[in-house]
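Visitor: With the sequences and hints as input, model every part of the structure.
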Amino acid sequence: MSEFLATHTRTHGCGELRAADAGKRVILTGWVQTYRDHGERIFVDLRDRGGVTQIVADRTRLAEVHAIADALRSEWCIGIVGEVRLRGEQLAKGSPGEERKLKRMTNEKLPTGEIEVWIDEIEVFSRAETPPFAIEDDTDTNDQLRLKYRYLDLRRPRMQANLRTRSLITRTTRDYLGRNGFLEIETPFMVKYTPGGARNFLVPSRLNPGCFYALAESPQIFKQLLMVAGYERYFQIVRCFRDEDLRLDRQPEFTQIDIEMSFVNEQLLQTTMEGLMAALWKDVLGVELALPLRRMTFAEAMDRYGVDKPDLRLDLTLCDVTAGFAASGFKLFETVIAAGGIVKCLRIPKNDKLTRALIDSLPDFGKQFGLKGVTTVRVQDGGWQGLKGVSDEARQRINQIAGAELGDALIFVADKAKVANTALGGIRLHLGDKLGLTRKGEWQFMWLTDPPLFEVDDTTGEIAAAHHPFTSPRVEDEGLLETAPARVLARAYDLVLNGVEIGGGSIRIHRSDLQAQVFQALQIGPDEQRAKFGFLLDAFKYGPPPHGGIAFGLDRLAMLMAGAESLRDVIAFPKTQKGSDLMTECPTPVSAKQLAELFIQVVPDLPR
RNA sequence: GGAGCGGUAGUUAAGUUGGUUAUAACGCCGGCCUGUCACGCCGGAGGCCGCGGGUUCAAGUCCCGUCCGCUCCGCCA
Numbered sequence: 025m026s027e028f029l030a031t032h033t034r035t036h037g038c039g040e041l042r043a044a045d046a047g048k049r050v051i052l053t054g055w056v057q058t059y060r061d062h063g064e065r066i067f068v069d070l071r072d073r074g075g076v077t078q079i080v081a082d083r084t085r086l087a088e089v090h091a092i093a094d095a096l097r098s099e100w101c102i103g104i105v106g107e108v109r110l111r112g113e114q115l116a117k118g119s120p121g122e123e124r125k126l127k128r129m130t131n132e133k134l135p136t137g138e139i140e141v142w143i144d145e146i147e148v149f150s151r152a153e154t155p156p157f158a159i160e161d162d163t164d165t166n167d168q169l170r171l172k173y174r175y176l177d178l179r180r181p182r183m184q185a186n187l188r189t190r191s192l193i194t195r196t197t198r199d200y201l202g203r204n205g206f207l208e209i210e211t212p213f214m215v216k217y218t219p220g221g222a223r224n225f226l227v228p229s230r231l232n233p234g235c236f237y238a239l240a241e242s243p244q245i246f247k248q249l250l251m252v253a254g255y256e257r258y259f260q261i262v263r264c265f266r267d268e269d270l271r272l273d274r275q276p277e278f279t280q281i282d283i284e285m286s287f288v289n290e291q292l293l294q295t296t297m298e299g300l301m302a303a304l305w306k307d308v309l310g311v312e313l314a315l316p317l318r319r320m321t322f323a324e325a326m327d328r329y330g331v332d333k334p335d336l337r338l339d340l341t342l343c344d345v346t347a348g349f350a351a352s353g354f355k356l357f358e359t360v361i362a363a364g365g366i367v368k369c370l371r372i373p374k375n376d377k378l379t380r381a382l383i384d385s386l387p388d389f390g391k392q393f394g395l396k397g398v399t400t401v402r403v404q405d406g407g408w409q410g411l412k413g414v415s416d417e418a419r420q421r422i423n424q425i426a427g428a429e430l431g432d433a434l435i436f437v438a439d440k441a442k443v444a445n446t447a448l449g450g451i452r453l454h455l456g457d458k459l460g461l462t463r464k465g466e467w468q469f470m471w472l473t474d475p476p477l478f479e480v481d482d483t484t485g486e487i488a489a490a491h492h493p494f495t496s497p498r499v500e501d502e503g504l505l506e507t508a509p510a511r512v513l514a515r516a517y518d519l520v521l522n523g524v525e526i527g528g529g530s531i532r533i534h535r536s537d538l539q540a541q542v543f544q545a546l547q548i549g550p551d552e553q554r555a556k557f558g559f560l561l562d563a564f565k566y567g568p569p570p571h572g573g574i575a576f577g578l579d580r581l582a583m584l585m586a587g588a589e590s591l592r593d594v595i596a597f598p599k600t601q602k603g604s605d606l607m608t609e610c611p612t613p614v615s616a617k618q619l620a621e622l623f624i625q626v627v628p629d630l631p632r
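Take 25 as the starting number for the first sequence in our numbering and just add one per residue.
Careful, some of the hints might be misleading.
[Claimed, not checked] Calculated lysine to aspartate or glutamate pairs in the EDC-like style (CA-CA distance at most 16 Å, straight line):
hint, residue 1, residue 2
1, LYS602, GLU268
2, LYS599, ASP269
3, LYS333, ASP273
4, LYS458, ASP376
5, LYS377, ASP457
6, LYS377, ASP432
7, LYS374, ASP339
8, LYS458, ASP384
9, LYS412, GLU358
10, LYS48, GLU107
11, LYS599, GLU277
12, LYS602, ASP339
13, LYS355, ASP416
14, LYS440, GLU268
15, LYS440, ASP344
16, LYS172, GLU609
17, LYS464, ASP339
18, LYS333, ASP474
19, LYS442, GLU479
20, LYS216, GLU241
21, LYS48, GLU113
[To be verified] Derived Cβ-Cβ restraints for the label pairs, each shown as a range:
hint, residue 1, residue 2, range
22, LEU178, LYS440, 44 to 50 Å
23, THR194, ALA30, 32 to 38 Å
24, ALA30, ALA222, 51 to 57 Å
25, LYS374, PHE597, 44 to 50 Å
26, PHE623, ALA30, 52 to 58 Å
27, ARG188, GLY465, 19 to 25 Å
28, GLU312, GLN404, 45 to 51 Å
It is worth saying that the hints were derived from the structure and are not from the lab. For each residue, glycine too, the CB sits at the ideal point set by N, CA and C.
Guide: Below you can see the structure in the form of structure tokens.
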């Protein structure tokens, strides 16, 4: 133990001291943020997780303290004993210009700016090499370096604030759910591998040669079993693992707030979750949410926003002008329509920021969505500027559908429905940003409801579960399961915030006859059912309660609430886009001996 | 699986149609300085231009390959 700590422990954090503390003898510990050497007097900004305090070493006062302070460098870890003084206290009372000088000495940028601590004792706990980047919020360094020296990156106040926000979120969540009768119950990470869905990370079993566990993608099946087991209300803040390609808002391991309730319908579940959101926004951000939250059907979202997670901070909407362009004389679009495609339109009300250059950049922007082209016209008296070959009649029809007014721009995209919607939805967000139409600072929540129960594969026409095979169809659609499965809508819901899906769930099937119909529609036969879900189906023979649930992405929630730009900024030790950890340099190959112990042989470039 | 962007001093960047010793700012090191808080002033050090090939009299610059990072499409029941 250091000599210093044997006899001292700190009395205050570096963000705590105020003018009222003047005269106190205090002990502070922290890291050297910066130092300003003025010869006889050295000023040091001392930082800990709570803030920064200026400490002062004066040669005429204590030469030995001054000598130690003279050697201090960035990020050294030190402890000091000293006296809190109002800045400029030593100025002679009543001296000329006293008030002005005092004011000049106060640092209004710091909460502790009125005071400073004059050092009586100082101990260097440890020195630091010059860090590869400055430990400050506006340090402009690349992610590669930040991740390699993550422990330094995490010293930055903004990162500490982000992780503090995250901690507050989990604390409030536990508190709210606990008060509402939810039990926190853990479930296994190492689970049975089931094909389909997200790719799994596999864990070899030494005790069972040739056999593997999968790391859980989510506790889905276990939480349903807990409902069968009569726990009624369950939650867990749980790590999930998916071996899929990564994005700004996706990590290979991420955390869910996982929730399941028995004897519940959509209304009760959503109300309960709205209560959770209200508690979070109040406790963490001090914001009162207006409840209930808005609801929108999947169909409306796709039609008007082109996505299943609309950003409602932006008022622009899409409309379908396929009917307008049919027999319009515009061959390009007519061909697309004849091939089963659609034409969607985004109307931009007259806006000076929509420059020629911005319009010209849209086709390139559209390419990333697989779009072949983007057509933009300006609505003028008696015609469209920017597109010829459309009959007057068709033009008027389209103007009417789009609600176009003089001076507006109409942006058209023609392709298969999915591509057209995704692309124009993307352009909508892009332009909202570029034109400054997206209202920053708003919290736009919405429940997305009534999505399709199944997804139909474009090429094969095969049907797959859109969510998972235990999601209930809407009661009124049960009759369609055999005749028109693609039209069946689900008792499922997503919670969307500012264009980000922060949670999703469903009411589950608890009736075996209904479950059989769904398996039938999915063409999952008895053998496959047994192999994949046998234990769950067995459990459902013993009086399963009606139940449903939801899972929130804690990382995304934290990212939005902390105002962070990336998931990596709210995860202490995240991974790169290729799933590697640049600090520990993982993953790595392992020795032949380790592999042999697991009965595994590595074959490079195995044909797939 | 695919597309785009990036990699030059410790860091962030500049580097012209290929042409002398590869610039700048910040940081770092030394000295000076009683009030700074983006302190200031004087001086100094610091480079495998991601890596490997190729073209050329000559490559940071052009070509091919490769690695790493970022963003997106596919993917994520």
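Visitor: Give a verdict on every hint.
Guide: These are the hints, each one checked on the structure:
no., hint, in the structure
1, LYS602 x GLU268, "10 Å, holds"
2, LYS599 x ASP269, "12 Å, holds"
3, LYS333 x ASP273, "14 Å, holds"
4, LYS458 x ASP376, "12 Å, holds"
5, LYS377 x ASP457, "11 Å, holds"
6, LYS377 x ASP432, "12 Å, holds"
7, LYS374 x ASP339, "14 Å, holds"
8, LYS458 x ASP384, "14 Å, holds"
9, LYS412 x GLU358, "14 Å, holds"
10, LYS48 x GLU107, "6 Å, holds"
11, LYS599 x GLU277, "9 Å, holds"
12, LYS602 x ASP339, "36 Å, violated"
13, LYS355 x ASP416, "15 Å, holds"
14, LYS440 x GLU268, "26 Å, violated"
15, LYS440 x ASP344, "12 Å, holds"
16, LYS172 x GLU609, "9 Å, holds"
17, LYS464 x ASP339, "13 Å, holds"
18, LYS333 x ASP474, "13 Å, holds"
19, LYS442 x GLU479, "12 Å, holds"
20, LYS216 x GLU241, "11 Å, holds"
21, LYS48 x GLU113, "14 Å, holds"
22, LEU178 x LYS440: 44 to 50 Å, "45 Å, holds"
23, THR194 x ALA30: 32 to 38 Å, "36 Å, holds"
24, ALA30 x ALA222: 51 to 57 Å, "53 Å, holds"
25, LYS374 x PHE597: 44 to 50 Å, "49 Å, holds"
26, PHE623 x ALA30: 52 to 58 Å, "54 Å, holds"
27, ARG188 x GLY465: 19 to 25 Å, "21 Å, holds"
28, GLU312 x GLN404: 45 to 51 Å, "46 Å, holds"
Violated hints, in rising order: 12 and 14; the structure is consistent with all others.
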